[in-house]
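Enquirer: Sequences and hints are given; from them, build the entire structure.
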Amino acid sequence: MGINYLYPDFEVIRNQDRCITCRVCERQCANEVHSFDEATGRMKADESKCVNCHRCVSLCPTHALKIVRTDHIFKENANWKGEVIQDIYRQAESGGVLLASMGTPKDYPVYWDKMLVNASQVTNPSIDPLREPMETRTYLGQKASAVTRDTNGRIITKTAPQLKLEIPIMFSAMSYGSISYNAHKSLALAAQKLGIYYNTGEGGLHEDFYQYGKNTIVQVASGRFGVHPGYLNAGAAIEIKMGQGAKPGIGGHLPGSKIGEDISKTRMIPLHSDAISPAPHHDIYSIEDLRQLVFALKEATAYTKPVIVKVAAVHNISAIASGIARSGADIIAIDGFRGGTGAAPARTRDNVGIPIELALASVDERLRQEGIRGNVSLVVGGSIRSSSDVLKAVALGADAVYVATSALIALGCHLCRTCHSGKCNWGIATQNPELVKRLNPEIGSERLVNLITAWNHELKEMMGGMGINSIEALRGNRLMLRGIGLNETELQILGIKHAGA
Amino acid sequence: MLAYSNCILHGADAKIMLLTLLLLYVPLSTYLQKHLTIPSPRDKQMHFRYDKAYSIGQRRPSEVPRMREVSVMGAFFSYPRRRPMNGYHQKTPLEGEVRIPSGCAISGIISRSGNRFSGREAISSIAVMHDRSNGLGGGFAGYGIYPEYADFYALHVFYYSSEAKRSCEEFLEEHFDLINLSKIPTTKQHAITDEPLIWRYFVTPLPTKLASSQLDEKEYTSRCVIKVNKEIDGAYVFSSGKNMGVFKAVGYPEDVGEFYRLDDYEGYSWTVHGRYPTNTPGWWGGAHPFSLLDYSVVHNGEISSYDANRRFIEMFGYACTLMTDTEVITYMIDYLNRKQGLSFEEVAHVIAAPFWSTIEGKSQEEREVYTYLRNTFASMLITGPFSIILGFSGGLMALNDRLKLRSLVAAEKDDRVYLASEEAAIRVICPEPDRLWYPSGGKPVIVTLDSQQGGQDGHQLPVSGL
Numbered sequence: 001m002g003i004n005y006l007y008p009d010f011e012v013i014r015n016q017d018r019c020i021t022c023r024v025c026e027r028q029c030a031n032e033v034h035s036f037d038e039a040t041g042r043m044k045a046d047e048s049k050c051v052n053c054h055r056c057v058s059l060c061p062t063h064a065l066k067i068v069r070t071d072h073i074f075k076e077n078a079n080w081k082g083e084v085i086q087d088i089y090r091q092a093e094s095g096g097v098l099l100a101s102m103g104t105p106k107d108y109p110v111y112w113d114k115m116l117v118n119a120s121q122v123t124n125p126s127i128d129p130l131r132e133p134m135e136t137r138t139y140l141g142q143k144a145s146a147v148t149r150d151t152n153g154r155i156i157t158k159t160a161p162q163l164k165l166e167i168p169i170m171f172s173a174m175s176y177g178s179i180s181y182n183a184h185k186s187l188a189l190a191a192q193k194l195g196i197y198y199n200t201g202e203g204g205l206h207e208d209f210y211q212y213g214k215n216t217i218v219q220v221a222s223g224r225f226g227v228h229p230g231y232l233n234a235g236a237a238i239e240i241k242m243g244q245g246a247k248p249g250i251g252g253h254l255p256g257s258k259i260g261e262d263i264s265k266t267r268m269i270p271l272h273s274d275a276i277s278p279a280p281h282h283d284i285y286s287i288e289d290l291r292q293l294v295f296a297l298k299e300a301t302a303y304t305k306p307v308i309v310k311v312a313a314v315h316n317i318s319a320i321a322s323g324i325a326r327s328g329a330d331i332i333a334i335d336g337f338r339g340g341t342g343a344a345p346a347r348t349r350d351n352v353g354i355p356i357e358l359a360l361a362s363v364d365e366r367l368r369q370e371g372i373r374g375n376v377s378l379v380v381g382g383s384i385r386s387s388s389d390v391l392k393a394v395a396l397g398a399d400a401v402y403v404a405t406s407a408l409i410a411l412g413c414h415l416c417r418t419c420h421s422g423k424c425n426w427g428i429a430t431q432n433p434e435l436v437k438r439l440n441p442e443i444g445s446e447r448l449v450n451l452i453t454a455w456n457h458e459l460k461e462m463m464g465g466m467g468i469n470s471i472e473a474l475r476g477n478r479l480m481l482r483g484i485g486l487n488e489t490e491l492q493i494l495g496i497k498h499a500g501a
Numbered sequence: 502m503l504a505y506s507n508c509i510l511h512g513a514d515a516k517i518m519l520l521t522l523l524l525l526y527v528p529l530s531t532y533l534q535k536h537l538t539i540p541s542p543r544d545k546q547m548h549f550r551y552d553k554a555y556s557i558g559q560r561r562p563s564e565v566p567r568m569r570e571v572s573v574m575g576a577f578f579s580y581p582r583r584r585p586m587n588g589y590h591q592k593t594p595l596e597g598e599v600r601i602p603s604g605c606a607i608s609g610i611i612s613r614s615g616n617r618f619s620g621r622e623a624i625s626s627i628a629v630m631h632d633r634s635n636g637l638g639g640g641f642a643g644y645g646i647y648p649e650y651a652d653f654y655a656l657h658v659f660y661y662s663s664e665a666k667r668s669c670e671e672f673l674e675e676h677f678d679l680i681n682l683s684k685i686p687t688t689k690q691h692a693i694t695d696e697p698l699i700w701r702y703f704v705t706p707l708p709t710k711l712a713s714s715q716l717d718e719k720e721y722t723s724r725c726v727i728k729v730n731k732e733i734d735g736a737y738v739f740s741s742g743k744n745m746g747v748f749k750a751v752g753y754p755e756d757v758g759e760f761y762r763l764d765d766y767e768g769y770s771w772t773v774h775g776r777y778p779t780n781t782p783g784w785w786g787g788a789h790p791f792s793l794l795d796y797s798v799v800h801n802g803e804i805s806s807y808d809a810n811r812r813f814i815e816m817f818g819y820a821c822t823l824m825t826d827t828e829v830i831t832y833m834i835d836y837l838n839r840k841q842g843l844s845f846e847e848v849a850h851v852i853a854a855p856f857w858s859t860i861e862g863k864s865q866e867e868r869e870v871y872t873y874l875r876n877t878f879a880s881m882l883i884t885g886p887f888s889i890i891l892g893f894s895g896g897l898m899a900l901n902d903r904l905k906l907r908s909l910v911a912a913e914k915d916d917r918v919y920l921a922s923e924e925a926a927i928r929v930i931c932p933e934p935d936r937l938w939y940p941s942g943g944k945p946v947i948v949t950l951d952s953q954q955g956g957q958d959g960h961q962l963p964v965s966g967l
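As you go down the protein sequences, you meet chains L and R in turn. First residue of the first sequence: 1, per my numbering; consecutive thereafter. First residue of the second sequence: 502, per my numbering; consecutive thereafter.
Be careful, since some hints might not be right.
[Said to hold, decoys possible] Computed list of lysine-lysine pairs in DSSO-like fashion (alpha-carbon distance at most 30 angstroms, straight line): (1) L:K143 to R:K840; (2) R:K863 to L:K193; (3) L:K193 to L:K214; (4) L:K214 to R:K863; (5) L:K437 to L:K193; (6) L:K158 to R:K731; (7) R:K728 to L:K158; (8) L:K44 to L:K437; (9) R:K728 to L:K81; (10) L:K66 to L:K81; (11) L:K66 to L:K114; (12) R:K863 to L:K164; (13) L:K497 to R:K728; (14) L:K49 to R:K944; (15) R:K905 to L:K265; (16) R:K684 to L:K143; (17) R:K719 to L:K164; (18) R:K731 to L:K143; (19) L:K81 to L:K497; (20) R:K840 to L:K164; (21) L:K106 to L:K75; (22) L:K214 to L:K258; (23) L:K193 to L:K164; (24) R:K719 to R:K684.
Honestly, the hints are just simulated from the structure, not real lab data.
Expert: Set out below in structure tokens:
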């Protein structure tokens, strides 16, 4: 073995005065950082294995632990930064693609943080959501373009299938396999309690979760894992996954080590075989093929379920969305490049795609210019971090948002970005039964319900401040936004004015 | 046509008359060639639609979202964003470039039996609410005022230059038979200044052009009106209905009434508006009522949903050239009532939709209809405070926002129904009404002529919305 060029990123600081050598850190760390030194009677740490997930820190009964960034440095170089050098060491060592998880940590502009929201003063009263109704109910699906009446002149009220959301927020796709059974169950329970939807991701639907079908969106991805008529009909809607914000243009790979008995059954693939999702759908090489799949799925479900087409936000997104809006799809989901993932090549994650804010603004405007905005609903995801992000997304033109990373954080995720290791100490991104049971679905779902409920309170408060008492009056209402520190091109694309203007 | 050409004579511009007469002798083929295309406000969008995909950094100027400042308030006005009025307001801030908070006054009167009366009562009513406006905009709409031209569209047009007038008249002649044209008679008022040229045309679509457009007459006419307002610099068609007319100006509404000599007109219904914007001199086109075809809207309020409504309605060929919320309300009503065939009551259930909690308490059939309307036309919900009076052929509708954040009073005596921002504005012209009430938020008061009861909209009358 050659020299190890990599110095640990973190240091585990243990206050020996506080440590009672209860060894809970040792038991809790799946990365095996901590161990008990018989010789000294003290705990010690192998920091090269630490991912900074805070499991030990959170469970240490005496608060003896903290994790700090190492101050060990390379010689300063603005171009060849430490992480660049380390990546080269890694690849020189392994000869492989660098893998990473969750959304990109790079310092790209977050446009949500560069938009400010309006409020009423004087001429228009703000509305107090504690005193007056404040509505966030949203229907997703195609809207009729013309009112039709029966022979008695009564309006025919039958519409294309719709998804009814009490709050314009849904949990976006995370497959059973990439996340654990208990994480899935937490999401399903929470969606049911909140009157919203969670998404199976591409890993099929565990038989235990069919009971939550009314609040489930079932996904059909390029690997077609776990797709059968019962599955398609089990959910409230079907999502065709064409792409994912964190890794546009590439497929997925769930290693055989994670394909245990349950997952193999749910995905309908052999035990311990690698689950490979091809980069494209091999029956969709163009838009007309997508249309065929949309209608095949509608045929399979007797036109009772809306079909969502999910795409990654890429350069030409507005033209792509325009095509999808004419494909028979009911809903377009767009995933921005800051979106999360269980595993993606780091270079793809950090360099491919565009921010969701720009994609959304451009798509919404394009669909309106073409007069087809009513053909589809728009759902956006890719790093929605708070209720104000939700509000800004709706004001830019979204019907609803998808959240995933925020939901995982609510479940205890600490964004250590090592999901691909399968050793999630919080029981979320792992299939190790010992780790999975650390996540209690009852508690998990309660935390999710709390989070979304809290966001909804905040959403209502801000809407009331603007004098808007129903979410549909906020949708696409870009006058309610102003840019801060944005250049002319950015303002143009977002379709907003600069603050003060 | 020849028969009509005789009546063109009085008050007509000689050149235009000559042109019109000449037209009659132009060989048919030349005629058709000349009138080959029909106006479509969507032309530009259509081109864009079939363009190859563009990258987001490279929009052409015409595709860039046009996000000039918008005064989101009902009573305010703004400046037409694509048509600077040459020579006007050069030193003062333009309407629409600044935010203009406002209050307003509105009033409406209708005789259900169709008896016609002059605009004097509307003037008296609005004068009482003088303090609700500030002299920067007033206007009237009268229905039934042009019985002698009842079958023709009456176009009232502001011109800010003789060039604008020439272009507009050229356009009108290409698309309509001009039956009569004249200046609208006015009497100078001390307080009313800077008036543009104000012309009136009674027109009917050229039959061949109408036929080749394959549009119905109203759609054809409305597209022409929108096209003039959008594309001809310095020309603004502010009234385009049949047997009705809008009269508006910058000034106090009572002065505006005198200016337009409303004593000389008799209608079966009148609406009137007094405006209270601040900060800028108003623009004549920005005064209320806002009108398209037979619809006219006077509005007190500031709608917080403005840009959601605007961006939605512009998908259907409307162009919000004035960037005021009242304009968008007018277009939404035109779209819902004329194009989608919704009754006025159904229109009210879209733009002032009941809360979901209210809808849930309804019978199943009603629940389905209300849910359908709210969901299908979600982007036409209006939020924020408003009271509006909609004028249409044969009736009036008054509507409050669903929280009733603006005042609105209704009263009834004999065959008259009165609607106004304040009770005083009713009592000044009708001291002892048979009944007087404050309509609830979101509940429309719809009044139609007795002769129209059971008509196409099927209103439950005499007065609904108690």
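Enquirer: With reference to the structure, classify each hint as holding or not holding.
Expert: Results of checking the hints against the structure:
no., hint, verdict
1, L:K143 to R:K840, "16 angstroms, holds"
2, R:K863 to L:K193, "25 angstroms, holds"
3, L:K193 to L:K214, "11 angstroms, holds"
4, L:K214 to R:K863, "25 angstroms, holds"
5, L:K437 to L:K193, "22 angstroms, holds"
6, L:K158 to R:K731, "37 angstroms, violated"
7, R:K728 to L:K158, "36 angstroms, violated"
8, L:K44 to L:K437, "26 angstroms, holds"
9, R:K728 to L:K81, "59 angstroms, violated"
10, L:K66 to L:K81, "26 angstroms, holds"
11, L:K66 to L:K114, "33 angstroms, violated"
12, R:K863 to L:K164, "19 angstroms, holds"
13, L:K497 to R:K728, "27 angstroms, holds"
14, L:K49 to R:K944, "67 angstroms, violated"
15, R:K905 to L:K265, "58 angstroms, violated"
16, R:K684 to L:K143, "46 angstroms, violated"
17, R:K719 to L:K164, "37 angstroms, violated"
18, R:K731 to L:K143, "29 angstroms, holds"
19, L:K81 to L:K497, "37 angstroms, violated"
20, R:K840 to L:K164, "28 angstroms, holds"
21, L:K106 to L:K75, "21 angstroms, holds"
22, L:K214 to L:K258, "28 angstroms, holds"
23, L:K193 to L:K164, "14 angstroms, holds"
24, R:K719 to R:K684, "24 angstroms, holds"
Hints 6, 7, 9, 11, 14, 15, 16, 17, 19 from the list above are not met by this structure, while the remaining hints are.
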